[in-house]
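Residue numbers (the numbering used here), protein chains in the order written: chain D, 1 to 424; chain S, 1 to 253.
Among the hints, erroneous ones may be present.
[As the list claims (entries may be wrong)] As a list, the in silico DSBU-like pairs of lysine-lysine whose alpha-carbon atoms are at most 30 angstroms apart: (1) K100/S x K372/D; (2) K413/D x K118/S; (3) K392/D x K125/S; (4) K118/D x K185/D; (5) K327/D x K185/D; (6) K65/S x K393/D; (7) K406/D x K136/S; (8) K136/S x K393/D; (9) K393/D x K194/S; (10) K100/S x K413/D; (11) K393/D x K165/S; (12) K392/D x K165/S; (13) K393/D x K246/S; (14) K392/D x K246/S; (15) K314/D x K65/D; (16) K118/S x K392/D; (17) K393/D x K100/S.
Calculated from the structure, these hints are not laboratory results.
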Amino acid sequence: MIAEKSNTAQLIIDKISSSAEKVNFIDNDQLSKALLYLENKGIPNNKHEDYKYCNIDGIFKKEFKNIEQKLNSVTDVAQYKLKDALTLVVVNGNYSESLSDKLILNGLHLTAFSNLDKDEKKLIGSLANVESDAFIALNTAFSGTGFHLKIADNEQLQIPIHILYVSSANSEALVNPRNVIELGKNAEATIIEEQICIGTGKVFTNFLSEKFVGENAKLTSYTFQNEGKNGFSVNTNQVTISRYGKYDNTTVTLSGALVRNNHNVVLGAQNCEAHLNGLFTTKNNQLVDNHTLMDHQMPNCESNELYKGIITDKSTGVFNGKIYVRKDAQKTNAYQSSKNILLSDDATINTKPQLEIYADDVKCSHGTSTGKIDEVAVFYLNARGIGRESAKKLLLNAFAQEVINKIEVDELKDKILNLFENEL
Amino acid sequence: MITIKNLHASIGDKEILKGINLEIKAGEIHAIMGPNGSGKSTLASVLAGREDYEVTQGEVIFNGKNLLDLAAEDRAREGLFLAFQYPVEIPGVSNINFLKTALNEIRAYHGQEEMPAKDFLALVKEKQKLVELDGKLTNRSVNEGFSGGEKKRNEIFQMAMLNPKLAVLDETDSGLDIDALRIVATGVNALKSKENAFVVITHYQRLLDYIVPDFVHILYNGQIVRSGGKELALELEAKGYDEIKKQFESLEK
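Just chain D, with the same shape it has in the complex (with noise of 0.2 angstroms):
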């Protein structure tokens, strides 16, 4: 027997339409295609091998029966600026020039996509191909009104850019913030991304970022999610990096109802270099699913991922990195880690490794490691009077340590250290 076709997809169509604004940087031919993609694939299940932990049709079918998109404005952002950070705000999917900062550094160009001109529109969509998964065809169908961040040829931004996406409805909602971020030759920039979500509705948030990295070009990329119990997020990261260009990013998830990201990087040209560091804590019911991808396609390129997992209650995590080097990509350096601590017995973690591997001159390596909190070193802790509790904080903080130390940017650092202890 053949298994009825979910008509998710159709059903999301059908809800978001009429609310939907028809946009001018998308192309006729993009749209179609990814119209055509969604009707025909829909929106994936634990059937499809890319999301069988992470079962979004069943989401949707779930939690999102009833689509409104009673969005709300939102009028005051002060509480979640960083002080050394330029904002920009995304609300619901929109940029928000007025609840933005004003960017006035030399050589920092920001333009909403509606006002790019024709070559610049074409910027959009490049890196993100709509036939390859349901969710960048959802947003290239119904993509908000997103931005071009530039930084020109030879500019180091010494102040980082904090982008702020807030979802706020009071009715089940889904918004598609979506970015284009272009380093140009030689450039420098330390880039914050922040997922949340307030107001009373449930919000399925499903991010589109573009990210160009140019020739010697380095972008710091920090991407700290704290949506709570309403935010359900679909992340997606494509990234590309030229010649010697350098791309660290570094993913905190510290809650969200359900979280999935899509980490894409291509390292598309000799000699350079890409760093993923993730670090989540689930509880509850919750799921945390990064995909990563390192796409190895030319020579002499170094790749590092590092994930840490805290997992609780009945929740879940999922680590699956894919490692890809290509034929031509000889002199690969490629190294992967997961490492996980169960904290309840309900708790799950399915990490999976994913080296397909085409050169033979390469060194790669994966390692994983799941256990629980060590009770050698508790007793330790408790034998020079450290009760249960605090040992427990000591040990779990010790273990975030490794990925919070890579944050460079003191102020998001405590943030997210002072929030991550919360947590426990």
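Fit chain S to the known structure of chain D by using the hints.
For chain S alone, kept in the frame of chain D given last:
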């Protein structure tokens, strides 16, 4: 200070302590010696509250409280200290943060306020001098990458910081060269007072040249089979444990 009465303890089905009796008063230093497998480290672990061991009989009264009823952390807060034979490495937890947490949890247990940061740092400085511990080590993760000697000195440093009433040193001398041994002993002697007591568990007389015990006990097969003054250790060093073993075996028959 502490009274141990007919203490029996097992791990799994195996009984290791088979009726220990020992009384230690404030101001005393007791040495416990004995061959491998006699139960020395088990005694130390049981006193400190390691949960792998099951106490099947007996009682331990520590400063008027039933020690065996207390969780490991409360035993430490009551003033019991175990210097581990194998100190544990805890990557990511700095020595300083570890000691600050320990000290303040002990203070909180006694209804005292947290120690001001300035006083705490002064105390660290003073005590690390005592065991000649490099200041850099105190900022590193607990025992991580320390040499054997550094780990043992770190135990004595922690002891100095926490100022316990009763300290049990479990083979602190094992793996130490003569200089490290002297440093450890100097630390213990400097901390010794009329108000506290020490139990020194060791295989060798050597340590007892530096830390002179008031009493020496020989533990064999889970029981204290002989007790005496410091000369007992010298006698053991000369004759070995064979005589004790023979005596015991003839008793068994």
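Cross-check of the supplied hints:
Restraint check for K100/S and K372/D: satisfied, since their Cα atoms lie roughly 25 angstroms apart, inside the 30 angstroms limit. Taking the CA atoms of K413/D and K118/S, the gap is near 25 angstroms; set against the 30 angstroms cutoff, the hint holds. Proximity of K392/D to K125/S is assessed by CA-CA distance (about 28 angstroms); at most 30 angstroms being required, the pair is judged to hold. For the proposed pair K118/D and K185/D, the alpha carbon gap of about 22 angstroms is at most 30 angstroms, so the pair holds.
Note on K327/D and K185/D: the hinted pairing holds, with a Cα-Cα distance of about 27 angstroms set against a maximum of 30 angstroms. With a C-alpha separation of about 29 angstroms, the suggested pairing of K65/S with K393/D holds against the 30 angstroms cut-off. Only pairs whose Cα atoms come within 30 angstroms are accepted, and K406/D paired with K136/S is accepted, the gap being roughly 22 angstroms. At most 30 angstroms may separate the alpha-carbon atoms for a hinted pair to count; K136/S and K393/D meet this at roughly 24 angstroms.
A distance of roughly 37 angstroms separates the Cα atoms of K393/D and K194/S; the hinted pair therefore is violated under the 30 angstroms criterion. Our distance criterion of 30 angstroms between C-alpha atoms is met by K100/S and K413/D, whose separation comes to about 22 angstroms. For the hint linking K393/D to K165/S, the alpha-carbon distance of about 28 angstroms falls within 30 angstroms, and the restraint holds. With a C-alpha separation of about 26 angstroms, the suggested pair K392/D and K165/S falls inside the 30 angstroms cut-off, and the hint holds.
With a C-alpha separation of about 51 angstroms, the suggested pair K393/D and K246/S falls outside the 30 angstroms cut-off, and the hint is violated. For the given pair, K392/D sits about 48 angstroms from K246/S by alpha-carbon distance, which is inconsistent with the 30 angstroms threshold. Taking the CA atoms of K314/D and K65/D, the gap is near 24 angstroms; set against the 30 angstroms cutoff, the hint holds. Between K118/S and K392/D, the direct Cα distance comes to roughly 27 angstroms. Compliance with the 30 angstroms bound is thereby established for this hinted pair.
Among the hinted pairs, K393/D with K100/S is consistent with the structure: their alpha-carbon atoms are about 14 angstroms apart, no more than 30 angstroms.
In terms of the numbered hints stated before, the structure departs from hints 9, 13, 14, listed from lowest to highest.
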